Every structure is written in structure tokens, then in C-alpha cells.
Amino acid sequence: MDDVLNIDNLHTYFFTDEGIARAVDGVSLSIGRNRTLGLVGESGCGKSVTALSVLRLVPSPPGRIVEGNITLAGRQIASLSEIEMRDIRGRLASMIFQEPMTSLNAVFTVGTQIMEAVEIHTRIGRNDAREVAMEYLTKVGIPGARGVMSSYPHQLSGGMKQRVMIAMALCLKPALLIADEPTTALDVTIQAGILRLMKDLQQDNGCAVLLITHDLGVVAEMADEVAVMYAGKIVESGPCEAIFASFLHPYTEGLFKSLPGRTERGAKLYTITGTVPSALKFPEACRFHTRCPLAIERCRLEEPPLVEVAVGHRCACWVRAGEVDRNHA
Amino acid sequence: MTESHLKIAIRRIRKDRLAVAGFLVICIFALVACLDCIPLPVREASGIRWGRTALDAAFNKEPEKSYSPPLADRGLLNRKEFALASRHLLGTNNLGEDVLYNGLKGVRTAFVIGIVPTLIAALFAVMLGLFAGYYGGFIDDLIQYVYQVLSSIPSILLLIAMLMIMERGLWQLCVALGVTSWVGLCRLIRGETLKVKNMEYVEAARALGASDARLIFRHILPNVMHIVIIEITLDFSALVMTETVLTYIGVGVEPGTGSWGRMIMMADRELANGIWWNLSTASAFLFILVLAFNTFADTLRDALDPRLRKG
Amino acid sequence: MLSYIVRRFLLAIPTVIGVCLVTFLLFNVFASPEAVARKQLGKNPTETQIAAWVASHGMDKPMFFNLHREKDGRLHPFDSRFWNHMRELVLFQFPESDYLHEKVTSLLKQKIGPSLSLTVPAFLLSMIVTLPIALFIAYYRGTYIDKLALFICVILMSIAILNYIIFGQYLLAVVFKYFPIYGYDFGVGAWKFLLLPVILAVASGLGGGVRFYRTIMLNEVRADYVRTAMAKGVSEEGILFKHVLKNAMIPILTTTVLSIPFLITGSLLLEIFFGIPGMGNLMINAINNHDYPVIRTLVYIYSLLYIAGSILTDISYTLVDPRVSFK
Numbered sequence: 001m002d003d004v005l006n007i008d009n010l011h012t013y014f015f016t017d018e019g020i021a022r023a024v025d026g027v028s029l030s031i032g033r034n035r036t037l038g039l040v041g042e043s044g045c046g047k048s049v050t051a052l053s054v055l056r057l058v059p060s061p062p063g064r065i066v067e068g069n070i071t072l073a074g075r076q077i078a079s080l081s082e083i084e085m086r087d088i089r090g091r092l093a094s095m096i097f098q099e100p101m102t103s104l105n106a107v108f109t110v111g112t113q114i115m116e117a118v119e120i121h122t123r124i125g126r127n128d129a130r131e132v133a134m135e136y137l138t139k140v141g142i143p144g145a146r147g148v149m150s151s152y153p154h155q156l157s158g159g160m161k162q163r164v165m166i167a168m169a170l171c172l173k174p175a176l177l178i179a180d181e182p183t184t185a186l187d188v189t190i191q192a193g194i195l196r197l198m199k200d201l202q203q204d205n206g207c208a209v210l211l212i213t214h215d216l217g218v219v220a221e222m223a224d225e226v227a228v229m230y231a232g233k234i235v236e237s238g239p240c241e242a243i244f245a246s247f248l249h250p251y252t253e254g255l256f257k258s259l260p261g262r263t264e265r266g267a268k269l270y271t272i273t274g275t276v277p278s279a280l281k282f283p284e285a286c287r288f289h290t291r292c293p294l295a296i297e298r299c300r301l302e303e304p305p306l307v308e309v310a311v312g313h314r315c316a317c318w319v320r321a322g323e324v325d326r327n328h329a
Numbered sequence: 001m002t003e004s005h006l007k008i009a010i011r012r013i014r015k016d017r018l019a020v021a022g023f024l025v026i027c028i029f030a031l032v033a034c035l036d037c038i039p040l041p042v043r044e045a046s047g048i049r050w051g052r053t054a055l056d057a058a059f060n061k062e063p064e065k066s067y068s069p070p071l072a073d074r075g076l077l078n079r080k081e082f083a084l085a086s087r088h089l090l091g092t093n094n095l096g097e098d099v100l101y102n103g104l105k106g107v108r109t110a111f112v113i114g115i116v117p118t119l120i121a122a123l124f125a126v127m128l129g130l131f132a133g134y135y136g137g138f139i140d141d142l143i144q145y146v147y148q149v150l151s152s153i154p155s156i157l158l159l160i161a162m163l164m165i166m167e168r169g170l171w172q173l174c175v176a177l178g179v180t181s182w183v184g185l186c187r188l189i190r191g192e193t194l195k196v197k198n199m200e201y202v203e204a205a206r207a208l209g210a211s212d213a214r215l216i217f218r219h220i221l222p223n224v225m226h227i228v229i230i231e232i233t234l235d236f237s238a239l240v241m242t243e244t245v246l247t248y249i250g251v252g253v254e255p256g257t258g259s260w261g262r263m264i265m266m267a268d269r270e271l272a273n274g275i276w277w278n279l280s281t282a283s284a285f286l287f288i289l290v291l292a293f294n295t296f297a298d299t300l301r302d303a304l305d306p307r308l309r310k311g
Numbered sequence: 001m002l003s004y005i006v007r008r009f010l011l012a013i014p015t016v017i018g019v020c021l022v023t024f025l026l027f028n029v030f031a032s033p034e035a036v037a038r039k040q041l042g043k044n045p046t047e048t049q050i051a052a053w054v055a056s057h058g059m060d061k062p063m064f065f066n067l068h069r070e071k072d073g074r075l076h077p078f079d080s081r082f083w084n085h086m087r088e089l090v091l092f093q094f095p096e097s098d099y100l101h102e103k104v105t106s107l108l109k110q111k112i113g114p115s116l117s118l119t120v121p122a123f124l125l126s127m128i129v130t131l132p133i134a135l136f137i138a139y140y141r142g143t144y145i146d147k148l149a150l151f152i153c154v155i156l157m158s159i160a161i162l163n164y165i166i167f168g169q170y171l172l173a174v175v176f177k178y179f180p181i182y183g184y185d186f187g188v189g190a191w192k193f194l195l196l197p198v199i200l201a202v203a204s205g206l207g208g209g210v211r212f213y214r215t216i217m218l219n220e221v222r223a224d225y226v227r228t229a230m231a232k233g234v235s236e237e238g239i240l241f242k243h244v245l246k247n248a249m250i251p252i253l254t255t256t257v258l259s260i261p262f263l264i265t266g267s268l269l270l271e272i273f274f275g276i277p278g279m280g281n282l283m284i285n286a287i288n289n290h291d292y293p294v295i296r297t298l299v300y301i302y303s304l305l306y307i308a309g310s311i312l313t314d315i316s317y318t319l320v321d322p323r324v325s326f327k
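Protein chains in written order, with the working numbering: chain A, 1 to 329; chain B, 1 to 311; chain C, 1 to 327.
By construction, these hints were calculated from the structure, which means they are not laboratory data.
Note that the coordinates shown come from a computational prediction; the quantities given were computed from them, not determined experimentally.
Don't be surprised by glycine CBs; every beta carbon is placed ideally from N, CA and C.
Do not rely on the hints blindly, as some may be mistaken.
Stated by the list, open to error - Computed cross-link-like contacts, EDC-like style, restricted to lysine to aspartate or glutamate with a CA-CA straight-line distance of at most 16 Å:
{"id": "1", "chain 1": "A", "residue 1": "Lys199", "chain 2": "A", "residue 2": "Asp224"}
{"id": "2", "chain 1": "C", "residue 1": "Lys147", "chain 2": "B", "residue 2": "Asp16"}
{"id": "3", "chain 1": "C", "residue 1": "Lys246", "chain 2": "C", "residue 2": "Glu236"}
{"id": "4", "chain 1": "B", "residue 1": "Lys7", "chain 2": "A", "residue 2": "Asp17"}
{"id": "5", "chain 1": "B", "residue 1": "Lys7", "chain 2": "A", "residue 2": "Glu18"}
To be verified - If you anchor each label on the Cβ, the simulated ranges turn out as follows:
{"id": "6", "chain 1": "C", "residue 1": "Phe241", "chain 2": "A", "residue 2": "Pro239", "range": "43 to 49 Å"}
{"id": "7", "chain 1": "A", "residue 1": "Gly144", "chain 2": "C", "residue 2": "Leu195", "range": "55 to 61 Å"}
{"id": "8", "chain 1": "B", "residue 1": "Gly136", "chain 2": "C", "residue 2": "Met127", "range": "36 to 42 Å"}
{"id": "9", "chain 1": "A", "residue 1": "Thr184", "chain 2": "C", "residue 2": "Met127", "range": "41 to 47 Å"}
{"id": "10", "chain 1": "B", "residue 1": "Cys34", "chain 2": "C", "residue 2": "Ala55", "range": "49 to 55 Å"}
{"id": "11", "chain 1": "C", "residue 1": "Leu124", "chain 2": "A", "residue 2": "Pro143", "range": "44 to 50 Å"}
{"id": "12", "chain 1": "B", "residue 1": "Leu142", "chain 2": "C", "residue 2": "Ala55", "range": "37 to 43 Å"}
{"id": "13", "chain 1": "B", "residue 1": "Cys37", "chain 2": "A", "residue 2": "Glu284", "range": "51 to 57 Å"}
{"id": "14", "chain 1": "A", "residue 1": "Thr184", "chain 2": "B", "residue 2": "Leu142", "range": "41 to 47 Å"}
{"id": "15", "chain 1": "A", "residue 1": "Pro143", "chain 2": "B", "residue 2": "Leu142", "range": "47 to 53 Å"}
{"id": "16", "chain 1": "A", "residue 1": "Thr184", "chain 2": "B", "residue 2": "Ala284", "range": "54 to 60 Å"}
{"id": "17", "chain 1": "C", "residue 1": "Leu125", "chain 2": "A", "residue 2": "Ala78", "range": "43 to 49 Å"}
Only chain A is shown next, with the shape it has when bound in the complex (with noise of 0.2 Å):
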């Protein structure tokens, strides 16, 4: 089937006074219809960029798109003009994202800014699109849609809020929704809540969903495959279950021995020991080796390239998955 969404080979980098912030350096993924990818690493890998790179939204002194092909729903992104990139922003694709605090403008009704999106792309009149407003916050579990169509967002609860982005971002019915974090900022309580309904929206809607985070709980609930990021790169990616049971890569390793749960009682909490690096001086060869318990000498002087292991699931280390696809089906 067609993708909805092929990162082909991206570059994003950052120019700045203190030097070249080489975000996403040669990123590549691909999503289906009906369809989540869990996009996993630690903050400063370079997920969130990855994500604004999709819709253009970088900003733009400092940050530019260097190489690389985004196709989204057949169309490519970059050859795209301005004009062009506003009507598909929200429309084909849409985004949600961390803190639905600030991400709402405070001095506008909730109803107001749904309907802006509804405005802005249709050309229905202004109560079709309150009737549309209203449908998706109810759609979205949000009880008396009509008083909260007047209210203000700090009138709001958290989880209500992120709800309300939602409902903005999904009002259109696009091909893919980008949700950057979009449960970090709330209660482990809510959490759960938005988890479910993003995904019973998603089977409604029938769209891709390319879904940011650095919690493996997240991916396990909603991912149909994960794509692992370290340092601007992907390291590992394949089918969810594929990766929760036989992860190769070293780093997503130490990911998953870091998770609380996977300790005994008493014992010490897993570290993957070492900082990440900053963009703008990342390691020589393979990023990871620095940090990495398995490295070895080639680890220091080459680059692992991404190999296919099993079906569907790749991943970049000398030690772990060489330098051959094992897998030509």
C-alpha cells in the first residue's frame, strides 16, 4: 500500500554563533494508512525536529532542511511553496504537541480556535463550522461540548486541553497526525485516557499516526512499528513487537533496562552511563560509542550502516547486526 508519509534521507541542521547543530543527519522512515510509528529517544536526538521537518515549521533563521526527500500523501514536501505548505498544514497533516498549557492561545475561546481551523481550509460558513467544532469535542470525550466551545483554555484541565488540540488537529480528518509528546505533560492518570483515544480516533479516521516519545510504555500501547533515534540518526526500527522482544541495538538495550519494571527489587536502577551529546559535536563513526559497553575497534573509525536483520527490522551496529542484510526475502 502507499505510504502516507517516506522520510527519505533527512538532513536538518541548525546554523548558529556557536556552530552547525546537526539535528537530523540522514533520517529515513516510512508510514502506512491506519498505521502508528513510535518515533523513541531521548530529548536532544533529534525526534521533535525530525517532526516540525515534516510540516516545515523549523524555524527558520537558525534551522534549515539541507538534503532530503519528504513525501507526504504523494506530494513532495519540499518543492512545495508557501501558500502551498499552509493549506496542506492542518488539512493533509496535522500536529499536536507537548505542553497543551501554552499551545493554546489564552486570549481566544476554545471554539474560536477550533473553528479557525475548520475556517481557514473549507469554505463553510461560520455555524457549520461551530456544528463541526462541537462534533469533534464530543467526539473527543469532552462532556458538555457546547459550554466548553466558550471557555478559555485556562478554564481547563490539562488533560481537557490536550483533548482540545485534538479535536483542532484531527477536525479535518487528515492523512497523518503528528503527536510530539503529547502525553509527557499530563498526569500518569490521564495519560492513559488520551492514549485510548487517539488510537480509537485513528481507527475512525483510518490516518497514519507518527507519534514522539522517549516512553517505551507509550510506544508498547500505540506503536505498530518503532523507529529508534540517537544522536540524529536512526538506530534501530522494526515492527513493535519485533523490537520489544528481540531489540538489538546496544543503546535501545539500555533503554529498555533503564524501565524501572525491569528491575529486581533492590537491586541498583540500570543507567546507560555517559550524557547525550550536543548537535553540534556529535561522536565520530558510530554516535553511540562513546556510551556504548559493546564498542570495539571499528565502533571508533566507521559508521554502522542501517542492515536488515529479520523482516521489517533494521539496525545500525558493527557488533550487533554487522554489515550485511540477513534478510533478502
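Fit chains B and C to the given chain A structure using the hints.
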């Protein structure tokens, strides 16, 4: 402010060429001001007299009789020309004083007025702001009441009122300006103290048993200092301009102290008579110094702003 | 809402009292009555003259409590400098000017009009000119237009207001004779005397104003909700003129409201240079003539205006920002 923050700030400032130019201009002016601070004794019949500075020594011109335009060789007194004793790069004023010399004498005054009041204000502001922010409760309420009252009185009026009561003079002016302007800085410092007070490293120090004084002065104070530095550079221009206005109104520095405000005051009716060099010199000195400080202060503020620090 | 306003006024009372205290300290404690008398009476006054002056101003009374019995045996404990001072201010029974021999109240009535006729047009014109320029620059943020405009603003800000006035008056009124140099006409004829001062007032504030509004707007542009709006597909114009502007109006409005009381106080320098008989002129003359009653009263009134201004600002906050309520 830690070492690395200072280095980052300096690097950022160096990138902005205008700011660097501004800084150089400030340094040149500062040099002149310093020259004017070095007292040189003069041997006279009655003994040694102080009061002459290095600047005076460099500019050893006797006053002429009256006006003369820049680089002229003849002056004008009561519509009659007279010969000039020496060349004057920027002309002479109605008392025959060299205009360039008067302008240079004003530099020291400008620097004193630009910096000292803020230092005085900072003294009050930092003390009271730190205590108000740190202790909270009644002390906070009291200090806030005090500055609420003081800030309700328009500062120009408070200033003029104070100046009328005190004698005229440069240092009195500094004190008055300092006392009327500490409120804004105090608010900022109190706000910053509140923010810093709850940060983890302060909690940690407290958990280790640090005393209040130690917490305030060793942990919180260094982190609010950047506000003071920014304030000093930002207020410089405003203070210098205020001095010119106050001198113009008549409550500024005493006669005999170099002051661009005095030059402007004496010169503003001269324009109608075609005498432009006195006013222009004072205005130009003022403009250049203020512009230099404005450009530098902006960049300094951006460089020290914690929010703009990346990763 | 009404209860909120009333509450704010009540809360302001301690501040007002504080202001009265400060003025008392300033004019009674830090300045001895004899010194003031000396300044007022000119050259070499005799002891008797000084004593007479001090007595006529009530400055010979005790500082706080009057425990002297009068000839008829009555006690007026509150007939002291402190309580007289407080009564004078709090009850608005303003004294007489030492110099002009007119009650300050009637002086105020005469002078407010001219001051307002200068400051109000300057204020309005300033807003009309600077806001659109700031919006324009915000639209082109990051480009050369932005950098150039910022540079020009800094230059304009670095020119002292004295220079604007002196050179402006000289060039436009004396040399080019576009405007009258000096003077004022009560009534409708005032406008031609006001044109130049108003223009100069706006010009001198242009640099600072544009920069200030630009900073506010750029602060808003960096906010998260702008990112959300862009992700929705809102155009650059929509973002600036709808989202940013409405949020920016909050700080803009509040600083504007705060400056309204100062419209009444007039612009000292402009009134001196252009001979406009307003409050600023009153103040300057009082200073030059050591007219303490006038100065005292003016300080008090200006403080009241400032406090009123901050109450107005708080109220406008609740009206403009949905997040702020009357609690």
C-alpha cells in the same frame, strides 16, 4: 554567573560588531574621564594648589575674550573682531573658553552620573530585594509597602524636591538619583530571588545546613548579579540625559563642574545668533556616548539573558 | 466588579497615607523652616522677618503634638505641623502659593487645560504612528528591514530630548518659519501653537516606542500558541494581526493606561520651550521660586494620579486578559 556563562556572553558580544564598536567608544570616553580624575599639584606662591587634573594639563589654553567659530583666527566681541591667542578646534563660547575643552570636561561628569546613582540604587535594591524575596512574610510586606509608596511619587518630582533641599552638587545629584531609582531594580531582584530561592541547588545547600546569610550571599546573590550589571548599562544613558535636563531646569550640578547640560543650557539661545558650535559639541558628545552605551547595553543584555542560552 | 474597584481604592489608602508621610518628612524634617524662609525672603533677611515668615506658615508650631495651652486655656493637641500637613493634603484643603499668592486649587484649574491640550494629542498621535510601524517590523522580523529599523530606533533613542526640542524649534520655527515659535492661545486658537510641540513630542518618543512595541510583539511570536497556529495553516498575516496582536495588546494596553495620569502632569520641557502655561510650567516656576506649598501639593496630587493610574491598569487587565479575574 559561572565562568562558562561569562565566556559565552563575551563570545556573543564579540560577534556583534556594532556592540564592539560601542564598547571601544566607551573605553575612549572612559580614558578621558580617567585623565580628568588624576589630580596634579600646581606650585604657586601661596603653596601647592590641587584642583588641576591631567586633562587640564593636556589642554593648556587660556580663555579668550569671547566667541569664536571653530578653527577661526578671529573672535567676535560686541560685534568687533579680536585676535585669538591660540587655535581652537571647536571654537570658543561666550566666555572665551575652548569648546572642545568644555566638552571633554563633561565626560567625567557623565560617567559619574551614569554609574554612581545605579550603584547607590543597587545597594538599597539588592539588600532589600534579597531580604524581601528570601524571608517573605512580614518583611516582604513591609519592603513592598515602602517601595509602593516611593514609586507612587513621580521620580522627577521626588528628585527635584530632594535637590531643592540639599545643596547643589555632583555627589548630591548622584545620591538623589540613586535614592529615587532603586525601586525598579528592587522589584526585579526580589522577583529573581523568589525564583532562585526555590531552585534545587539552594534547597540542597539548605539541606546541608547552610545558614541564611550563607545562602543569601553565596548562593542567591551571584545569580541575581547579572540583573544589576544589565541595569547599570541600561540606566547609564537615561541618567546622563536626565542630568542634562536637570541642569537645564536649574537643579543639576553646581557651576564649575563640567557638564554637557550646562553647555546646552548656556547655548540654546545662541542659535538665533548663528552660533552653533557650542550646542553642537555638547549634543554630539552626548549623542555619541549615549549611542555607544545603548548599542553595547542591548547586546550585553541579550548575551547575559539566561533564556537565550542554548543547551 | 464594583466591589473589586472599591477594594482596590481601599487598599490604596495606606499608600496615600505613606505618600503624605514622605512629603511631610521631605518638607518639614529634612528642610528646616528657617532655611526655607531665608530662600524665600531674598537678600539678608532679618531675624524678625524670618520669624514672621515661619509663623505665618505655621512652621513654628510643634512637630507632632501641640501641648501648649492657649490664652483661653484650651488645648489644641492636633494643631501641629504634622497634623496640619496631613489635614491639608488628605482633605484637599490645599494651601496658597508663596509666590503667586493664589490658592493652589485655582492655579491647578487654570493649568490643567493647556497641559492636556498638549499631552493628549501627543499621546494619541504617538500610538497611531508607533503601533503600525512596530507591526510592520514584526512582520519582517529577522530580515534586513528589521535590522535596519532597529538600528534607526536606537539612533533616534540616543538623541536627547533637549536636542529634539532645541533643534526642532530652531529649524522648523525660526529658520523655516513653518510654525510659531512660542506662545499659547486659550480656546480654539491654541492649535497652531500646539502643532510643533506635539510633533516634537511624537518624534522624540518614536525610537523608544517602536522598539518597545516590537519587543512585545516578538515576545509573543516566539510563544507556543503561534507554533500551534502555524501548524494549523494560519497565514503570517493571520498570526500577526489576530493571534499576536490580541495577546500583545495586554502588555501594551496596561503600559498605556499607566501613562494616562501623566498626561495631566504635562511635559516639563515642552511647556518651558513653547511657553505653554500648563502644569509643567507651574512646577518649574515653583522650583525656581522655592514655592514650597505648590511643590508639596503637586507632589501629592501627582502621586494620587499615579495610584489612580495603577488601579485603572489593574482593572484594564481584568477586562483584557481572560485569565485574570476579580479575585
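Among all the numbered hints in the text so far, which are the ones the structure does not match? The structure breaks none of the hints.
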